[in-house]
Amino acid sequence: MRFRLIYNHKNLSKPILAEAILKTKVLINILEAKVTPTAGEIMVDVPVEGEKLREVIRFFEDAGVTVKEVAQILEIDMGRCMGCGACVSPCPTQALKLTKDWEIEFDEKKCVRCMICVDACPVKAIKFT
Amino acid sequence: MGERGEETLRTYEEINEKIKRGDATVMTADEFVEYAKTHGVEAAAKEVDVVTTGTFGAMCSSGAFLNFGHTDPPIKMYRCWLNDVPAYGAIAAVDVYLGAAALSETRGLEYGGGHVIEDLVSGRVVELRGEGFVTDCYPRRYVETTITLEDLNQAILLNPRNAYQRYNAATNTTDRILYTYMGTLLPRMGNVNFSGSGQLSPLYKDKDFETIGVGTRIFLGGGVGYVIGEGTQHNPQNGFGTLMVRGDLKGMSSRFLRGATIHKYGVTLYVGVGIPIPIINMRVARSASLSDEEIFTDVVDYGVPSSNRPSLRKVSYAELKSGKIVLNDRSVPASPLSSLKKAREVAETLKKWILDGEFYVSKPVELLPTYRELKPLKIKGIEPRVKDIMSKNVITAKPSDNVQYVANLIVRHGIDHVPIVDEENRLVGIVTSWDIAKAVAQNKKSLQEVMTRRVITAKQNEAIDVVAKRLSSYGISGAPVVDEKNHVIGVVTTNDLAKLLEGKGYL
Chain V
2 MRFRLIYNHK NLSKPILAEA ILKTKVLINI LEAKVTPTAG EIMVDVPVEG
52 EKLREVIRFF EDAGVTVKEV AQILEIDMGR CMGCGACVSP CPTQALKLTK
102 DWEIEFDEKK CVRCMICVDA CPVKAIKFT
Chain D
308 MGERGEETLR TYEEINEKIK RGDATVMTAD EFVEYAKTHG VEAAAKEVDV
358 VTTGTFGAMC SSGAFLNFGH TDPPIKMYRC WLNDVPAYGA IAAVDVYLGA
408 AALSETRGLE YGGGHVIEDL VSGRVVELRG EGFVTDCYPR RYVETTITLE
458 DLNQAILLNP RNAYQRYNAA TNTTDRILYT YMGTLLPRMG NVNFSGSGQL
508 SPLYKDKDFE TIGVGTRIFL GGGVGYVIGE GTQHNPQNGF GTLMVRGDLK
558 GMSSRFLRGA TIHKYGVTLY VGVGIPIPII NMRVARSASL SDEEIFTDVV
608 DYGVPSSNRP SLRKVSYAEL KSGKIVLNDR SVPASPLSSL KKAREVAETL
658 KKWILDGEFY VSKPVELLPT YRELKPLKIK GIEPRVKDIM SKNVITAKPS
708 DNVQYVANLI VRHGIDHVPI VDEENRLVGI VTSWDIAKAV AQNKKSLQEV
758 MTRRVITAKQ NEAIDVVAKR LSSYGISGAP VVDEKNHVIG VVTTNDLAKL
808 LEGKGYL
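If you're matching them up, the sequences are chains V and D in order.
Each residue of the first sequence is one higher than the one before, counting from 2 in our numbering.
Each residue of the second sequence is one higher than the one before, counting from 308 in our numbering.
Hints were generated in silico from the structure; no laboratory data involved.
Treat the hints loosely; a few may be bogus.
Calculated pairs, PhoX-like style, for lysine-lysine (alpha carbon to alpha carbon, straight line, at most 20 Å) [claimed, not checked]:
{"no.": "1", "chain 1": "D", "residue 1": "Lys-648", "chain 2": "D", "residue 2": "Lys-705"}
{"no.": "2", "chain 1": "D", "residue 1": "Lys-694", "chain 2": "D", "residue 2": "Lys-776"}
{"no.": "3", "chain 1": "D", "residue 1": "Lys-792", "chain 2": "D", "residue 2": "Lys-766"}
{"no.": "4", "chain 1": "V", "residue 1": "Lys-125", "chain 2": "V", "residue 2": "Lys-69"}
{"no.": "5", "chain 1": "V", "residue 1": "Lys-26", "chain 2": "V", "residue 2": "Lys-53"}
{"no.": "6", "chain 1": "D", "residue 1": "Lys-751", "chain 2": "V", "residue 2": "Lys-98"}
{"no.": "7", "chain 1": "V", "residue 1": "Lys-98", "chain 2": "D", "residue 2": "Lys-659"}
{"no.": "8", "chain 1": "V", "residue 1": "Lys-53", "chain 2": "V", "residue 2": "Lys-24"}
{"no.": "9", "chain 1": "D", "residue 1": "Lys-571", "chain 2": "D", "residue 2": "Lys-557"}
{"no.": "10", "chain 1": "V", "residue 1": "Lys-26", "chain 2": "V", "residue 2": "Lys-15"}
{"no.": "11", "chain 1": "D", "residue 1": "Lys-327", "chain 2": "D", "residue 2": "Lys-659"}
{"no.": "12", "chain 1": "V", "residue 1": "Lys-125", "chain 2": "D", "residue 2": "Lys-751"}
{"no.": "13", "chain 1": "V", "residue 1": "Lys-101", "chain 2": "D", "residue 2": "Lys-648"}
{"no.": "14", "chain 1": "V", "residue 1": "Lys-111", "chain 2": "D", "residue 2": "Lys-325"}
{"no.": "15", "chain 1": "D", "residue 1": "Lys-621", "chain 2": "D", "residue 2": "Lys-694"}
{"no.": "16", "chain 1": "V", "residue 1": "Lys-111", "chain 2": "V", "residue 2": "Lys-128"}
{"no.": "17", "chain 1": "V", "residue 1": "Lys-125", "chain 2": "D", "residue 2": "Lys-648"}
{"no.": "18", "chain 1": "V", "residue 1": "Lys-128", "chain 2": "D", "residue 2": "Lys-571"}
{"no.": "19", "chain 1": "D", "residue 1": "Lys-648", "chain 2": "D", "residue 2": "Lys-659"}
{"no.": "20", "chain 1": "D", "residue 1": "Lys-751", "chain 2": "V", "residue 2": "Lys-101"}
{"no.": "21", "chain 1": "V", "residue 1": "Lys-125", "chain 2": "V", "residue 2": "Lys-98"}
{"no.": "22", "chain 1": "D", "residue 1": "Lys-621", "chain 2": "D", "residue 2": "Lys-699"}
{"no.": "23", "chain 1": "D", "residue 1": "Lys-631", "chain 2": "D", "residue 2": "Lys-705"}
{"no.": "24", "chain 1": "D", "residue 1": "Lys-344", "chain 2": "D", "residue 2": "Lys-325"}
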């Protein structure tokens with residue numbers, strides 16, 4: 002599952018993510034990070050479910066980090082999509098695929114938000130949320 | 308071998324009679340390939356009257372003739388813009404040609420002729436601006452108004468080069484991302500992009516042009532169109548035949564005509580083209596039965612900035628369509644730039660039109676040539692190459708030299724780039740005056756610590772433009788010139804390029 006971790010100026014300089022990994026032993030994967038002098042936002046993939054997932058979320062919340070679930074990260078406007086494959090082969094993690102009926106299929110779990118597909122799309126049908 | 312275009316299996320008239328009666332047998336090329344595989348080509352040829360094909364890809368060599376009608380007082384519009392995209396106006400007073408690749412003067416690559424054509428076909432309002440060449444009969448100087456497709460007297464899609472028989476597949480062996488008309492190409496052969504619909508491809512299903520010629524009625528952009536001749540760069544003997552086509556924009560649909568931007572390359576128009584192949588003789592039947600396994604193209608390295616790009620290997624459309632191809636023993640993701648989903652839809656739609664008795668096949672007035680030379684543009688006069696501008700007295704150093712020594716070299720010779728070579732003068736690295744300044748600041752003594760090992764180089768016979776682009780894309784000010792064995796034979800710098808411009812009187 003993907004989450005947005007929102008840091009404030011108080012906890013920004015603390016290695017909370019590293020602590021979370023060491024303590025929970027969950028291999029949290031950073032997908033995107035934005036840090037300014039007063040705030041920070043990290044998008045992470047947390048590859049566990051159930052009680053373990055709740056433990057990870059609790060850890061961040063106790064450290065003062067706001068945790069928001071990311072429901073959908075990429076949107077394809079199927080009205081504009083022509084079903085070409087210009088976004089498919091450049092995708093470094095094969096998150097975008099063509100089905101055998103030549104429809105575009107997106108596997109959110111594999112996406113690392115590199116956004117190469119946004120530019121590769123000839124009809125600008127792909128947006129990141 | 309019989310005469311090209313001979314109607315030994317059935318005539319056009321017989322096929323059209325059957326279409327009229329509603330008992331013609333029509334298959335899409337996909338279906339015909341399967342049918343021929345299971346029943347044999349002879350049986351398939353006997354059974355099937357028409358095979359429908361389709362492709363839907365970026366076809367930059369496209370555009371539209373538009374006639375606006377006369378204003379009062381009238382204008383001889385010699386310059387014209389549609390949604391800020393320039394159209395060619397040096398034809399009669401209110402006729403223009405809008406090229407698909409023309410770019411908006413305000414929005415650049417984001418919007419262009421292809422998008423204007425899509426907007427028109429979708430019924431959207433388009434802004435028209437025109438400047439007049441004032442004469443006694445055309446007194447108006449300027450016009451600014453809005454138009455829709457309906458307002459126009461004629462809107463004729465006329466594409467000089469469409470429906471390539473097949474196209475090269477593209478990859479990139481360099482170490483940076485390339486943005487080409489073949490899409491985004493990842494470094495070090497990270498992906499392969501291809502175009503063309505393989506066994507559905509209109510011109511591959513009648514590869515000797517026995518049924519396709521001047522006057523052939525076709526599916527074009529969702530409406531009816533006609534082949535008006537060979538396309539530009541028609542090169543059928545190498546499997547790169549093309550068509551020039553026309554059709555009434557007013558009968559077309561944005562489902563099959565889409566403006567598009569190829570990132571950092573330009574604007575184009577995706578066009579849906581479908582051609583009915585009447586099975587008039589066995590040769591046509593055999594061509595129509597060719598499957599993706601039997602249709603090959605080359606994987607070409609777009610990292611080579613030359614019109615003679617090397618082929619890395621031959622590949623079948625079957626392998627390309629599988630989504631992965633093998634390059635240097637590695638499996639590389641492959642995907643189409645043209646839409647195979649839409650290509651199939653084109654072939655299906657055309658099949659339905661024929662079955663419904665709405666579309667008849669037409670015998671060409673003249674067949675297309677099966678041989679056409681494809682000549683390059685020869686540059687007359689002398690064009691400088693790297694060897695003409697490079698410094699040949701190269702000052703080099705050895706990896707074992709120290710920073711102090713190289714600093715002296717730089718000052719003494721007034722240079723910025725010092726290639727580092729081994730005992731046999733083979734390039735192993737480079738240091739610049741900046742590297743040396745940095746080394747001094749950081750108190751580093753040995754060249755080994757500061758030299759760049761992955762050196763961007765040039766070859767002596769390369770064109771100047773190519774090297775200029777390379778220097779700017781890597782953000783560097785010079786490159787060693789090396790021979791085939793990596794011996795340093797010169798250095799070319801941005802200074803040399805500047806001098807060249809001065810010599811030509813550009814500065």
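Hints, one by one, checked against the model:
For a cut-off of 20 Å, the pair hint linking Lys-648/D to Lys-705/D is broken: about 59 Å separates their Cα positions. Pair hint Lys-694/D plus Lys-776/D holds up; C-alpha atoms about 17 Å apart against a cutoff of 20 Å. Between Lys-792/D and Lys-766/D the alpha-carbon distance is near 11 Å, which keeps this suggested pair within the 20 Å criterion. Distance restraint check for Lys-125/V and Lys-69/V: the Cα-Cα separation of roughly 28 Å exceeds the 20 Å cut-off, and the hinted pair is therefore not satisfied.
A threshold of 20 Å between alpha carbons decides the hint, and for Lys-26/V with Lys-53/V the separation of about 10 Å falls inside it, so the pair holds. A C-alpha spacing of about 50 Å is found between Lys-751/D and Lys-98/V, which places the hinted pair above 20 Å, so the restraint is violated. Restraint check: the Cα-Cα separation between Lys-98/V and Lys-659/D comes to about 30 Å, which exceeds 20 Å; the hinted pair is violated. Under the criterion of a C-alpha separation no larger than 20 Å, the hint pairing Lys-53/V with Lys-24/V is consistent with the structure, at around 12 Å.
Taking the CA atoms of Lys-571/D and Lys-557/D, the gap is about 31 Å. The hint is violated against a cut of 20 Å. Annotation: proposed proximity of Lys-26/V to Lys-15/V holds, straight-line Cα distance about 18 Å (limit 20 Å). In summary, the hint linking Lys-327/D to Lys-659/D is supported, as the alpha carbons are separated by about 13 Å, within the 20 Å threshold. Note on Lys-125/V and Lys-751/D: the hinted pairing is violated, with a Cα-Cα distance of about 50 Å set against a maximum of 20 Å.
Between Lys-101/V and Lys-648/D the CA atoms are separated by roughly 10 Å; this keeps the pair inside 20 Å, and the hint holds. For the given pair, Lys-111/V sits about 53 Å from Lys-325/D by alpha-carbon distance, which is inconsistent with the 20 Å threshold. Straight-line distance between C-alpha atoms of Lys-621/D and Lys-694/D comes to about 34 Å, which puts the hinted pair past the 20 Å bound. Only pairs whose Cα atoms come within 20 Å are accepted, and Lys-111/V paired with Lys-128/V is accepted, the gap being roughly 16 Å.
Annotation: proposed proximity of Lys-125/V to Lys-648/D holds, straight-line Cα distance about 18 Å (limit 20 Å). Proposed proximity of Lys-128/V and Lys-571/D is supported: the alpha carbons are some 18 Å apart, at most 20 Å. Restraint check: the Cα-Cα separation between Lys-648/D and Lys-659/D comes to about 17 Å, which is no more than 20 Å; the hinted pair holds. Our distance criterion of 20 Å between C-alpha atoms is broken by Lys-751/D and Lys-101/V, whose separation comes to about 59 Å.
Of the pairs offered as hints, the one joining Lys-125/V and Lys-98/V holds, with about 17 Å between alpha carbons and a cut-off of 20 Å not exceeded. About 41 Å separates the Cα atoms of Lys-621/D and Lys-699/D, which puts this hinted pair outside 20 Å; it is violated. A C-alpha spacing of about 45 Å is found between Lys-631/D and Lys-705/D, which places the hinted pair above 20 Å, so the restraint is violated. In summary, the hint linking Lys-344/D to Lys-325/D is not supported, as the alpha carbons are separated by about 25 Å, beyond the 20 Å threshold.
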